[in-house]
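Undergrad: Protein chains in written order, with this note's numbering: chain A, 1 to 216; chain B, 1001 to 1211.
Derived by calculation from the structure, the hints in this document are not laboratory data. Since we're looking at a predicted model, the values are computed, not measured. C-beta: ideal position from N, C-alpha, C; glycine also. Check each hint, because a few of them may be wrong.
With a straight-line cut-off of 20 Å between C-alpha atoms, the simulated PhoX-like cross-links for lysine-lysine are [unchecked claim]:
1) K153/A - K50/A
2) K190/A - K1195/B
3) K1208/B - K153/A
4) K1208/B - K1195/B
To be clear about the criterion: a stretch of chain B counts as covered by chain A if any three or more of its residues have a C-beta under 8 Å from a C-beta of chain A, and this derived list gives those stretches [said to hold, decoys possible]:
5) 1158-1164
6) 1191-1205
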Amino acid sequence: MKKILLIITVLVCLSGMVQSQDQPSSIGFKPSSYYTFSWNTTFTTGDFNKWVGNASPAGFDLGGRYFINGGLCAGFNISWQRVSEAYGYQTYYGDNGTAITATNYRFTWMVPFQAVVAYHFMPEKMISPYVGLGIGGDYMEHHLLVQEYDLYKTRWDFSLTPEVGALMKFGYFSQWGALVAFNYKWTTNKIEFTNNVKSGDLQMLNLKVGLVMIIR
Amino acid sequence: MKTKLIIYLALAVTLLASCSKYPPSSARLQEDLAIYTKYDVTINFNDYKTFKVVPAVAYIDGKDSTTLTDANAMALINRINTEMLSRGFVAVTGTAKPDLGINVTAIKSTTTTVYSPGWYWGYPGYYPPSWWGYPGYGYGYPYYPTYVSSYSTGSVIIDMVDFKSPTADHKVMIRWNAYIRGLLTGSHSVSDVLKSVEQAFTQTPTLKTTP
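Bound-form chain A, shown alone (with noise of 0.2 Å):
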């Protein structure tokens, strides 16, 4: 998966190398802003991948970019996720003599907020690719699903978030494009349950594929 991903972000960047070398520079417009409205797929790695192993599709992200100077952009991202998996019959020992063994479900709901700094190459072409940096926080809670019992802990974070992607326009003066980006996401959250369950720190990928709507 991550090297179809790198094959992605490699093709994106280069596509922009080459519109740049057939079309006139005049042709185009840089935009003053934009703002984002992406499906998110999740891909948990390390600790995080033991706790959920599936892939999750189940997440949006919206952002928003405000160029400064040249192609360097500031702005914010704010995103809603969620990773799940049904484990099969596993015991859980609680406090006081407690025991159960049933079909239990894992999930973590992620509420990422972000600052960004985004520089995109040629901001003025069809397609712009970036690469660019979130530093911000999320809002996680941890849930363990046991029959009608909701083991649950929620943590805050410290997280940072390297993200390559690519700007595309509908057309050369559209105001509408579409996004593709992804980003390898590192938090401070972690994972702390009984029965031993707990991680390290949390990191995940993610994979964004959207709509934008462009600011002149």
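Since chain A is already given, all that's left is putting chain B on it; use the hints.
TA: Relative to chain A, chain B alone:
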């Protein structure tokens, strides 16, 4: 532009407010097979040496109740016997009083949805303390027992009663109980019942004694 931004923000708020954090499939968890156990952590099972299991399964179907001694019921009782013997306990027979008595109840269906722990003790078919040789005594829990909001269709409840140390106020306490739930949902068989009983004992590793 202002209109577009307002639409964008309204869409964002609507989406955030309408999304549920719970996975949709998690709603069916309550109908799955599950084995709950709880024991009194203040006692040491090594202090108990003998046991006896009731000779029939109390059976509750709605508001009616009876006792079962068919092949399935006896398989369940024999399984409990086997588990106790494998953990070092000695079975007593006849009128001898055991240290631990074991009552078994099967629930086919229920007519109400909220129950307090031990609600089934009063049903005909459930063996009272008087049957065990303790007339005038009642049952009690020394801990907050295994409890769920509803005893669903197809449940088996096993209560392990302490007859060695009755209380001064004439109560015999439940030292271990198991609640096996969901046996009539899906495609569960008698074999599943017996495996569940085995699991109930397995997840209580302290339930053992030295002869």
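Undergrad: Against each hint, give a clear statement of whether it holds in the structure.
TA: Going through the hints against the structure:
no., hint, verdict
1, K153/A - K50/A, "holds, 17 Å"
2, K190/A - K1195/B, "violated, 36 Å"
3, K1208/B - K153/A, "violated, 34 Å"
4, K1208/B - K1195/B, "holds, 19 Å"
5, 1158-1164, "violated (count 0)"
6, 1191-1205, "holds (count 3)"
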